[in-house]
Structures are given as C-alpha cells and as structure tokens.
Amino acid sequence: MLSELFFGYYASAIVIFSLLVVTRSNPVHSVMWMLLLFFHIAGLYLFLNAEFVAAIQIIVYAGAILVLFLFILLFLNLREELKVKRFIGAWPAGLFVTTALLVIVLSVVRSFVPGPAGKYSIEFIKQETHTKALGKLLYTDYLFPFEIASLVLLVAIIGAIVLAKRKTRSK
Amino acid sequence: MVPLNWYLMLSAVVFMIGVFGFLTRRNIIIMFMSIELLLNAVNISLVAFSHYLQDMRGQILAVFIITVAAAEAAIGLAIIIALFRNKDTVHADEMSEMKG
Amino acid sequence: MNNYLLIPFLPLAAFLINILFGRKYLKDNAHWVSILAVAGSWVVTVITLLDVLSGKVVNEDIYSWIVSGEFKVSVGFLIDQLTAVMLVVVTTCSALIHIYSVGYMQGDKGYYRFFAYLSLFTFCMLMLVMANNFLQLYFGWEGVGLCSYFLIGYYFDKKPASDAGKKAFIVNRFGDFGFGLGIIMIFLTFGTVYYEPVFSQAKVFAVQTINFLGYDVHLMTLIALLLFCGSIGKSAQMPLHVWLPDAMEGPTPVSALIHAATMVTAGVFLVARCSPIFSLSETALMIVALTGAITSLFAATIGLVQNDIKRIIAYSTISQLGYMFLAAGVGAYTAGMFHLYTHAFFKALLFLCAGSVMHAMSGELDLQKMGGLKKYMPITYWTMLFASLSIAGVPGFAGFFSKDEILWLAYSGQSPVGKFVWAIGTVVAFLTAFYSFRLIFLTFHGKFRGTYEQEHHLHESPKAMTIPLIILCIGAVASGWIGIPHLLGGGEHFTEFLTPVLGHPEAHGTHAEEWLVMAISIIAGFSGVGLAALFYLVKTDIPVMLAQKFNATYKVLWNKYYVDELYSFIIVRPTIWTAKNILIGVTDAKIIEAIVNGIPKGIGEFSRILRKVQTGLLQRYAAIMALGVLIIMAVMLLR
Amino acid sequence: MTNLTGFSMPDLGPVMPEIVMTCLALLILLADLVIKRKETIAFLSIVSVAAVTYLLVGSTGITFNGMFIADNYSLFFKLIFMLNVVLTVLISVKYIAIEKVNFGEYYSLILLSTLGMMLMASAGDLITLYLGLELMALSTYVLAGFLRHDIKSNEAAMKYFLLGAFASAFLLYGTSLIYGLTGTTDLKAISSYISVNGLSGNPVLTLSMTMFAVAFSFKIAAVPFHMWAPDVYEGSPTSITAFMSVGPKAAGFAVLGRVFMTAFGAARIEWTGILIPIAILTMAVGNIAAISQINIKRMLAYSSIAHAGYVLLGIIAGTSEGTASVLNYLFIYAFMNIGAFAVVIMLRSEGFKGDDISDYEGLAKTHPLAAALMLVFMFSLTGIPPTAGFMGKFYIFMSAISAGYTWLAVIAVIFSAISAYFYLRIVMYMYMKEPKAAVQLSVSPGIALALTITVIAVLVIGVLPSKVINVARIAARF
Amino acid sequence: MNLNGFPILSTLIFLPIAGAVLLLLISRSNENLIKWVSLIVSITVFIISIPLFTEFNKSTHLMQFTEKHAWVPSLNINYSLGIDGISILFVLLSTLITILCVLISWNSIKAKTKEFYISILIMESAMIGVFCSLDFMLFYLFWEAMLIPMYLLIGVWGGSNRIYAAVKFFLFTLVGSLLMLIGIIVLYYQAGRTFDILELMTKTYPYQLQIWLLWAFFAAFAVKVPMFPVHTWLPDAHTEAPTAGSVILAAVLIKMGAYGFIRFSLPLFPDASRAMTPVMLTLSVIAIIYGAVICLAQTDLKRLIAYSSVSHMGFVTLGIFALNSQGMEGGILQMINHGVVTGALFLSVGMIYDRTHTRQISDYGGVASAMPVYASLFMVFTLASIGLPATNGFIGEFLIILGGFKANQWAGVLAATGVIIGAGYMLWLYQRVFFMETNQKVAGLADINLREIITLLPMIILIFWIGIYPNAFLGFMHESVKHLLERVNSGSMHEVGVAKNILEIIK
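Chains as they are written, first to last, in my numbering: chain U, 1 to 171; chain C, 1 to 100; chain D, 1 to 639; chain X, 1 to 478; chain F, 1 to 507.
Chain U extracted, bound-state conformation:
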C-alpha cells in the first residue's frame, strides 16, 4: 500500500511541476520549477531502483543543462519579456491537438501487455549494485553506442564554438 501512496505523490508532483514549467510567464520561475521536477523524477527512478540513472539525472540535467538555461536567460531583459503575452494566438488549437493525442495514447497504453522478462531480476541488481551492472553493460554489450555518444558530445562542442564564439576569425 505504501508504494501506491509513494507513487501517487511523485506522479502528481511531476505532473503539476511540468504544468507550471510550461505555463509560467517568467522564464526564471519556469527554470526553478523544472529543477524541482528533475528532483522528483530522480526520486521516482530511485523508487524504480535505478539509482545510477537518478544520480545522472540530477547531475547532468539539474546541474548542467538547467545552469546552461540560466546563463541564456541572463541575455534576456526580463522586464520586456514579462509584459509580452506568453502563448501564441492559436493556443486553443494546440491544446485540442495535445489533448486528443493524450486521449489516444492513454487508450492504447491502458491495455498494455509487457514483453518477456529479461535476466536482470531486481534481486540480481541489488546484489550486483546498480552502477556496477550498468557500467559493465556499457563497456561490453553497449560499447558501440557509447562511442557514438562520445562523438555526439564532440559535435556538440564543435557546433557550440562555431556558432556562438564572439569574434569571427575567418580569413
């Protein structure tokens, strides 16, 4: 019974916070709500005994990406931003489409039959400790995607420099 209660809290928190992120007019408030959201998602991961993923979630998402967002927000002159209206003119259309999509997806997901059980039973993970299991897999079975991920990060760096560097030094 405890787990349902626990899940209920987390789920409702996540939904409310994401709604707040999306609807607040002041971008800084949105970032703050997002921070709280990430914490709750990390909590959920813990609940699903994916400790390492939760840790990464906090470090990468909350730590790195949100900080990046804050830097960008500094560029904006907030006062002018508050006065302007938040949503585009045709926002009811957007709402309608999203709710329709939600209804369809929910109807499909409700009758969901999960696939075959894999080898990594929860006890095995607890006994192996989650990070070790994840690490071993990353470096054996999923070495290839791991390398590609590194390349993706490389491209991100090059791209960021090329686009955002202040002084162009072209010949």
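These aren't lab readings, by the way, just hints derived from the structure by calculation.
Backbone N, C-alpha and C fix where the C-beta goes; we use that ideal spot for every residue, glycine too.
A hint or two may mislead.
To be verified - Here are the computed lysine-lysine pairs in the DSSO-like style, where the Cα-Cα straight-line distance is at most 30 Å:
(1) D:Lys612 with X:Lys433
(2) X:Lys36 with U:Lys165
(3) C:Lys87 with D:Lys612
(4) F:Lys114 with X:Lys433
(5) X:Lys353 with C:Lys87
What the hints assert, rightly or not - Computed beta-carbon distance windows for the label pairs:
(6) D:Gly55 with F:Ser59: 39 to 45 Å
(7) X:Ile456 with U:Gly63: 51 to 57 Å
(8) U:Lys165 with X:Val463: 47 to 53 Å
Once you have looked at the hints, place chains C, D, X and F on chain U.
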C-alpha cells in the same frame, strides 16, 4: 505493487504537457524546456519498462538520452545566441523571414 | 494500240512544253505547239473513227494505277462507238477553238498560259472520254473541273473572275461528292470499277435492295442517282447550275470550248455510258428526265430577260443540256447523244460569234448598247443567224433533227413521264427560238445604240477568227444530216452507229403521231421566231410595256430566281458564321481551351493557397506535424 | 553474460570504415589549426573520403552482437553518402570563401554528419539508430546555421533544430513502446518476437509504428512533416542545402527501409496503409507548391519533397524489387540534385545572390554552357528519357506496378507531369527570355569537376542504366 | 537480314547525333560552316537510307534490317531495331524532311544557329528511332527524347507567343505519353516480363485489361495525331514555331501518333480496338469536318494550314480504324502524303514569311503577278491538299473514303463532305493570297530563288510520283497490312469466343 500502466500513463501525460508547451509557448527557451520535458517523459517510461521487464536495456538508453539531451542543449543554446545576436528577439513567431 | 495513245498524250506534251518553257522562250508563238498537238490528235481521231466504223472496238489497260487489297484499277482505254463520237466532238471543237483563240487572245500577257491550259483541258477531256474504268473517268472528271477553274479564273487579277473560278470548282466538287460515293457503291457491289464487268453483271443485281444510311433502297437506283449527282454538277443542271452563268467571266473561247461543247456534255456522256445501270431502275430514269425538263424550262425562262449576250447563250446551253438529259431520261440515249453532237457545233458557233461581236465592240456585252451590226460584220451575222436557226429547230438545220428526235421519242417512249416531258420540251422549243432571235435582232438589226467611238471602231474580226466560224457554221448546219429520221427518208445513221453501245430506242407511236409531233415542234419554233421579230423589229415598245406590267415576274427572272442569294443564305454564310463564332468562339475557345488552360490555372491557384499555408511560423509547422500524427494514429487505430 | 575478464573484443573489421572516418574527421579538425589555406583542407577531406570508400568495399559482416550490420544494403547507401560528401566539398570550396565563413570546422562537421549517416545505414539496433541519427542531425543543424551573420541561416538552423528535436522525441517514444512490447531493441529480435507472438493487430505496435513513421517522414521531409524543408533549404548555405537534400534524406530512407522491412516485416499491410496517404500527399504538395515559387532554392526544396514522394512508392511496394528501385532512384537523385544546386552556386558571386528564378533570364545567351547543364538537370529531374531521372522513375513505377499499385503509379505519373511545368519554367527563363543584367559566374575547379561528374553521370546512367540497376538489385536483398 | 552485317538502322539513328556533337565543336562564329556541316550530315543520312528503299523485300511481313543487342539485361530491355512495310516510308520521309528543314532555315535563322541545327539533328535521330524501334522502352525513349528539341525549337526560335505554345505542346504530349508509360509497364508484367513488341503481339490479354490499355495508349497517340478533343495545341505550336519547326512538326511528328495506333494499339489490343472503332470513327469524322469548317474562318496563314492538317489527320485515323485493307493502306499513304503536302505548304509559307514577315492573309493579295513561279508551285500543293486526281492526296483520300464507307456508311459519307469543305477553304486561301489586285505590302516581291526551288522540288516530284504511280509506295505495305489485319480482325476472336462460352457453362 504499482502496475506498469500507471507509469506509462504518467509518461504519456508529461509527454503531452511537453508537446503542449512546445506548440503554444512563444518564448523559444520555454519551447526548448518543453523538449527536455518530452525526453524526460520518455526516460520515465524507459526506466519503468526496464524495471518491470527486469532488463537493463531501458536504463542504458535512458543514460544515452540524457547525454544526447545535454549535447542538444549545448547546440540549441548556441543557435539561440547566434540568433539573438542578429535579431534581438527570442520569440518564435517573430522568426518568419522565410515563408511561401 | 499505241497510236490511240497519241490522242490524249499529244495535248499533254503540249501542255508540259508550254507550261515549262512558255514564259521564257515560247511567249507569243506558244499557240503553234498546242494547235499542232490538237490537230495531231484530231487526225488520229479520224483514223480511230474509221477503225470503229469498221467494227474494231478496243479495251486495253496501259499500266496498273492503284492496287490495294482486292481494289485494283489501272489506266486503260475503251474505244467504242460512244467514245468515237465524243472524240470527234472534242477534238474538232478543240482544234477550231485553238485556231480562233490565236486571234482572240492576241497580245495577252499570259498567252502561253492560256494555250497550256487549253491543251491540259483537251488532255483531261480525252482521258475522261476514253476511260475504261470509273476511276479514270473520275480522274478526267476532276481534271476538266480543274482546267475550267484555271480558265474561268484566267484574268486572275480581277475579283469576279477568280470568284467565278472558285465557285465553279466548289460546285463541281458537290457533284463529285455524289459521284465518288457512286463509284464506291459500284466497287462494293461489283468488286471492280471496270466498265465491262460492271455493265455485264448489272442485271444480276437488278432487284437487290441495300441498306444505305439506314434506309432500304433499290441498289441500282441508288448507284444511278449517285452517278447522276456527278452529272448534275458537271452539266450544270438544277440545283447545281449556278456556276455556269458566272463562268462567263472567262475568255470567250473558253466558254465556247468548255461551257458549250465539251466539258458540260460530260454529264450526258456519263449517263449514256452507264445506260445499262440507268435502264435497270425506273425511278432513276424518271428523275433524270424530270430534272432535265425542269432545268431546261427554268433556264429558258431566265434567258428571256437577260441583257448580257454571253449570259443568254450560257442559259441556252443549260436549257439544251436539259434537253439531252430529258432524252436520256426517257431511254433515248442515242437521241441525247445526237443532240449533244449537233449542239456542240451550233453552241460553240454562237459563243464564238458573241466573242467576235465583243471583240468588235471592244468588250461591250450589253444588248441594249448594240444594234445594227449587220452591215459592219456580215460573216459573223450570217454564221450567227444559221446557228440561231439551227438551235430554234428550223427544219433542215441540225438542231431540228436532233430536237425533233428527242421530242418524238419522249412522246412515243413508254416512260411514264414521257408525255408530260414532251409538253415541256415543246414549250422550251418555243422559248429557245424566241430568245435566240431576240438576241439576233437586238444585236444585228435596228439602229446602233452604243457610244460614238465604239461605232467608229466597229469592224469584222480578222481571218483567224472568221475561218473557224465558217467551218463551225457548216458543221452546225450539216451535222444534223447524218441522223435524218426514217420518216423523212433518212437513214438514221447516227442512231444505228451508236446502237451496239446504247441499244435501240423503241418508239410505239404511229407515223401519223410522228408527223403530228414534228409539226407541233416546227410551229413552236416558227411562232417563237415570229414573236421575237414582232417584239424587237416591228413594235419595240411591247417588251418595255410587258416588263412594267409583269414587273414582279420580270424582276424574279432578271435575278435568276434569286438562286445564288438562296445558296449563299442557306449554305455559304451559315458555314462561315458557324466557323467564326461557334467553332472558334465557343468550342475551341470556350470549351477545349477553357479546360486546357483551366487546369493549369487551377493548379496555380491551389499552389498559391499552399504557399499561404507555409507561413514561416515555427509553431504552425509543429502544429501541423502534431495534427499529422493525430490523424495517422486515429486512422490506424480505428481501422 | 560474459564476466569482465572473459570480455572478447568484438570483431572490428566491418566497423573499420567508420573508425577511419572518425579519425580522419578529427585529424582534419586539427589540421585546420596548422594549415591556413582552406583548399588543402578540402582536398584532405576528399582524400580521406576516398580512403574510406576504398575500405568500405571490403568490409562486410555483423558486429557488436547485431548492433552494427555492414551488408550490401548499407554498403550501397554508404556509397551514396560518400558521393554526396565528395560533391558537396567540391562545390563548397569557393562558395564558403564568397560567403566569408571559410572555417575548417565546416569540412569536419560534414564528415561527422556523413559518419552519422553511415551509422544509421548500418544500425541493427534502435539505440545505435537513434544515436547515429542524433549525430547526423546535430552536425547538420550546425551546418545549416553556418552563416552566422545571415539572419536567414540562423532562423533556418533554429527551425531545423527545434522541429528535429521534436521529431526525435517521437522516435524515442516509439522506441520505448517497442522496447516495452518486445523487450528488446534489436531489429531482428523484434521482428521474430512479432511474428512468433502474432502481434500484428496490437494497438501498441500500430502506435509505435506510427511514431516511427512520423520521425522518418520528418527526416525525408514527407508531407505533412515537410514544413521545415523549404525554409531550411532556403536559409542554409546552398552547398549545405545540396548536402541536406541528398544525405539526410537518403539516410532517412535507409533507416525507413531497414526498420520497416526487417523489424515490422510481418505487419506490412499496416505500415503500407500509413505510407500510401503520406506518399500521395508528398507528391501532390511537393509538385503543386513548387509551381508558384520565385526563389530557386525553395523550388528545388519542394522538388526534393516531391522526389521523396516518388521514392516512397518504392518502399510501399515492399518487395526486394521495390527496395532496389529505391536505391537506384536515390543514387541517381544524388547526381541530378547536386548538379542543379552546383549551377545555383555558380550564380552566387560577389554582391549577387542569384537565388531568384528571374536571375536566370537569358542565361543561355550570356553563359550557354551553364544553361545547357541546367537544362540537362531540369529535364532529368522531370524524368525525360535520355536522362537518368527517367530511368530512376521508370524503375520505381515498375516496382510499384509489379506490387499491384498501378493506380498509385498513375497518380505519380500525373504529378510528375505537373512537375514538368515548373522545371520547364526554369528552362524557359534561361532560353526564351532576354538577359536582364550581365550575370558573372564564379567558377572554381571544384565546381567544374563536380558539374562534369554529375552531368556525365546523368547522361550515361540515362542511356546505360543496367550497371546501377544490377548493383541496386544485389544490394536490395537483405 | 541487314545486308551483309552493316547495321544500317543504327547508323541512321546515331549519325545525326554524331553530326550534332561535331557541331558542338565548331565555334559559334562561322555560321556558314555550321550550316554546311549540318546539310552534309543530313544528306549523307538520306543517302544511307536509300538502300532501305531498294533492298526492301516486299513479299514478307516480317521485320527487316533487324538488330538486337542487350541494353538492360536485368529488366529484359533490349536495343532492338527493325522496319517493315508500315514503318519504312516514314523513315525515308524523316530523312528527306530534315534536309529540307536545313535548307529552308539557311538564312531565316539568325540567332543561336548552332543550337538550332543541333536540335534539328537530334530531332532527326529521335524521329528515325521512333519508327525503327521494336522494343517498347526504346520506342518510349525516342518518343520522349523528341520532346526536348521540339520544345526548344518552338520556344527559342518561335514567333511572338512562342513560350505559351511551347509549354502547351510539351505538357500536352508529356501527360499523354506518361499514361502510355504506365500502359507499357502493365503490359510488361502482363506478358511475362518482356518489352519486345513482336513477342507482345503474339499474346492475348483479357478483354477488360485491353480496354484500359487501349485508352492509356490512346491518351498518348491521340494527342500526337491530334484527334478532335485534344488538338488545340497544334495551331499554337504551328503558328509560333519557326518554319523548319512547323515543317518537322507537320511532316513527321504528327505521324508518330497515327503510327503508334497502327504499330501498337491495333495489334496489341485487337478486341478492344474492334469494340472502340465506332468511337474512333466518330472522333475522326468530327476532326475532319471540325478542322475543315474552322479553316474557313482563319485569318492567320499558318494557323489555317495547321487546322487543315487536323482535318487531314482525321482522314488518316478514319482510314486506320476502318480496319480493312483499303482504309489502312489509304491511311498510311495519306500519312506520307500529308507529310509531303503540308510540309511543302509550310515550306512555301516560310519562304513568303521571310519576305513579308506577316502571316495575316489580309496583308496578302495578287502575289501571283509578282511571283508567278512561286504561285504555280503553291497551286500544285493546294491541289494535292484538296486531293485532286493525279496528285498524291487523291489516292490516299479515295482509299480512305472507300475503306471508311465499307466500315461504316455514315463515316464514309460525312468524311467525303470534308473533301468539299477542303476545296472551299484551300481555294479561298489561294484566291485571297495570290489572285485579285496586288496588295501594296506584297507589291515588289522577288520570286523564289534557286535554293528555294530545290527545297520544293523533291516535294513536287513525290506528289506526282505517288499520284501517278502509287504502287511504288503501296507495294511496301500490302504484306504488313494484311498480317496486321489478320491479327486485328481474327486475332484472338476465337479465344474470346471460347472464353465466352466457358463462362456460360460456369454461370
């Protein structure tokens, strides 16, 4: 025991909120955050699947998604800066130089 | 066989020489080439006449012309009695008119062209006459039509002349339309277009009927009438007679040769040649007779009031041709041919005299402006007088014998319309006599009504013109003598000569009736001459008074029953109108072009709408994407 | 699950081309610091591509337990990518100098993007597929925004980035659903699971298939997910537009083919149901919208959308003949499209944008050779026989009809007739109108070489297509 | 049998292309060299085509001078050429017409002469290719390849409204031929993966499919012919094209449509063509009368001749769909005649246009007095166009009306009226242009020079040669037409019959 469907419903709701944010908010940065929401929604369902299917594949993909999200954030914000430098606006509906 | 080839191919050679070397080298002595050629073919014709007289009939092919599937036709010659008669008529008239033209066309800038066309015409007419199959007949048929187009439109820089030429050709084309269909019907029934097999098997199909355009029609009547369409067009019978009066725009020798002696008679020749087919169908013969009769009456009435000398003779030609068809219609083909033979001489003579009168009056044609030319042009006067006597049917002259023969055979033949047609014939005889002598009296008798310098300029035509007149005059008088009927002790050699080809006409009347008919026709002829003398010599005011009293009828006759206006109103103007506004205006422009241009314009419009959808707004793109996802999911899940 | 010590190093043979490509890309990045003349860097990148191509031919096999499949199918696509890179580098040497963005990173980003495409082509697993796609996408976003000073380029990059991220989110959602349903992300395992458990009617499967269809349609710019293409093609630098119109599109088709053929092979009727309306819409919008365009890059964008529609026909056919026609068409499409863009680039000279169609008036008088080249490409894009375009389209129609979609082929034929109108408009402007201003062409050895390669290829394949068709048929059997 | 191994047909096709490539090398400046090279090339091509005429074996309907090489083996497409009684005359016509086109545009084409002659030579190879190819794909390749040069010919060197006309021509033909492409591919699969025409002709196809395919092919060929509803591109294309362009268009391009009917529609879909003959006959008769009547109201010289060719081609399609030997042979001969006569008419209009630069009939009048030689030549062409006996027009028209009448009496009678209206508008045209008072605009015109006479001479010779001795040309067709008609009339009649009663038994 919390059934798997609840998780899926949660991720679907978060996903749709992200889509709603993306479709309706004028400020690009908020649109950007909505995309992060989408990715998080997918992560939730992935981790939930990997938990119920007792298989690590979901979590691994979640990790990769987070790395890609980080890379995307870097590039996205670089583009926003480049755009901001030229056009001094951060609203999507003012960016309609090209149409027709 | 090869000397027969010379007849048509000599004029052809002359034509080629004149047309190719005429402009630069021959210029004014182009006439020698044509005259020699025509004279050569005249000589050979005489030889062939002698051969035919001695019973030598020739039917030979030269080379195979068209072979397509089972349709085989070749260029070939059939020389029998009928051809011989036609050859004589064509070559003699052509030769004389060639000589006459030397004088008449003196100094004309297109001199070589004129003689080239004359030779071409002679070639085509000879090919027509000597053909041994229907397609070569059609070849000659259209060939003479073409030459008449060239010769009528000879003075091409004048609009009326070129209009007349065009009108002649197109009206002929109407006739040839029927003629062509006739030939096709013949091929489809007999499987060949050669005369010999067609005429021999004709009896086999005597009773057969065929479904033509939905109607069940008697086969032989259908073929006969289709062929008759051709002859109506060529011989200017009702309703396709309109082109002949306008054809007078051409030089007079042309009218003499083509529109009197040779081309217009081709229609009669066709009916005569196809007598086996015509005689198998009662209705066809009846229609031929009636058309001939009505046309002759119709033309004769118009001829009464015309003032243009050439137009009068033209109407008289139409009327005389009506006679010949009348004869053929009652089964008296030989009589028709006899009248054709005699008519060629005196009608050509009339035209040539008119030509020399015109020559003298420096181009003046209106009778009202002539008068008293007797003393200035004695030869022309006398020759024209003999011709008029002959045409009026005064006994002793050629016209009398042939016309009387026709009237008698009409009266005594057992064709149902015989009597009725005979009556009309007699009335026409009276009218012919009247207008012929009206012409003589108005031109040669009374006092001169022309301008002073015309009078001063009056002179007899040069020798080159008068000699052919004299020769023709002899022909006009003497040509009848070979066909003097038994009644008057003659041997009827002409009919005997043609019987093997056209069969012998039976007459069921007694001698008394024959005498009676002859008497009536003589009375008709003399009363016509007398009345004309009364009107135009003695009391010249009567015609004027009559014209006012019956003004309406006078105007109708003067305007040729408004037939020309009728045609242009029914056929010519509506076609051009439909072409202009309906076809160009509506169908082409509105319907087809509308669709053809409409579709791209529609697509263009649609493309502009699509461009509006592409607003450049990022959210709109995302919204459309989301909508796309929604629709696909809905469709896929509901299916 | 092998323990740590018993870890056997996976066979790297098949992956060797990708590894070499990565090293060379990095090398070029470093070389940019040392070498000042950008032409040498361009030359270096062409040499490296040549080396990779040489390696490619030999390396086939499956490694990383199914994640990386280097079969004939992926080999053919990699050939297209290599061709795409070489031609793009050739045409952009002088172009980026004119646009004053002459940085070395340009070439390394192109190589990295091509690497991403190669990974997508031989991805046997949804994870590698997603990462390869992101690698290609990210580098292409940057390349799209390369003209930092030009507002249009920034806007193009922004639009491409946001919509790209949005679409890849859908891809991820689809992957997670499939993972949930079948417990694996390996394509072969998925297909065996579906056929074993007979899930063809399952709503979740349909939902995930739709998600995949959406993501890939975005990549190949099929309607209704094509909205980004015209703006991005117009905004980004022309050499990159050329690169984008061939590379990512071909990669999209590679992935579309592989995922739908192998993974969802059993549920063929369902996903053809999805693709047919998309294909018809794509051909319709692509052709019709292009008619009223004034900017040539936008017009070529719509034309490339239309061509995506034709290629979709081959995929819908579903047979190996269909896939062969897709491969053949994309190979030919690469030549004619980049050729056309090369001519557009030639018109771009100092102070003269050369983007509007009206700039082409009277080109036949001022530059007959350039006009003749454009004529060949335009007629090839329309699909008139002596050119390769016809052979490509013809083979697509053949495969569609043999699979029983005759009515679809008729619709495609009607739309390609409509396409004739706007291609013809260009030829008409060039040949039948008087030149307005004296257009001065910026010709460089690179562009000249690229144009010769493309025009020869278009004409030779047009007349002797059997070589390409045979290779495509071998490649199609996977 | 390709006379001791020499691939005559391939040389005929590829020599003009070689010539075009040669022209590419010559510099744009010395136009004279360009003109002479193209003239020599076209003459050599004509000379090479003559042995076809002499060596042709008239006693067999089989294909002659055949060549077959694999082209795309994987799709079973072969490069196979061959001609028979039906196609040989067209090959000769194309080679002859090209020479005349080169001659006529000697000094009337000033701008971009090099591209002009290149397009003409490429046109020639495409034309010959269409008539010789025995493989559907090869046929389609040449059929479409001819679009590009023609589009350029009309568009670049045309008259004032050339762009609209060029685009209209291109789109009309393209839409039609694309539907044919679909038909070809469906046929390919239906007949077991082969494009070889001879093989396709031996097979029988289900009736319903035949109807569909017939209409697909009809779309392509009817536009080309042009038959009634889809003819509006022709007047625009003709009036706007340069003289050489409209000559090629009138003399050869139009024939491809009718040739397509004979070579493909009839033999491949015998039952469908028989079922569709009433429709086709009505369309042809409408085309004849519609084309002829509309000519009466034309004011533009070239437009009038263009509409007259709509009417003449109505005759041809009537002949073809009469499905009897007279109609068919008449149709084929009429195609040659129309090529010669309308080609000559356009050549002569081109000559007068070079002098007066106006096409309005009202600007002309009394030209005969200024240019007698020209007037007499034009008269010969007018007479041939009307179908006067002793000219080629008569032979064709008479056989067609005979065949048409045999097939359907109404069609025959109505077609014959076309002959009358034809005489009407042609003579009226001739009168307005050549007779009557000399119009000031055409007062002092120089008569045609030697070059122009040489251009028209072959036409005159052909007109009278076919007129007087048509067997020289009809002889070629007999065997092939007989074979074709056997296939169309009997063809799969018995199979259909058999199929029908089996159905009865089953029902």
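So which of those numbered hints doesn't the model satisfy? none
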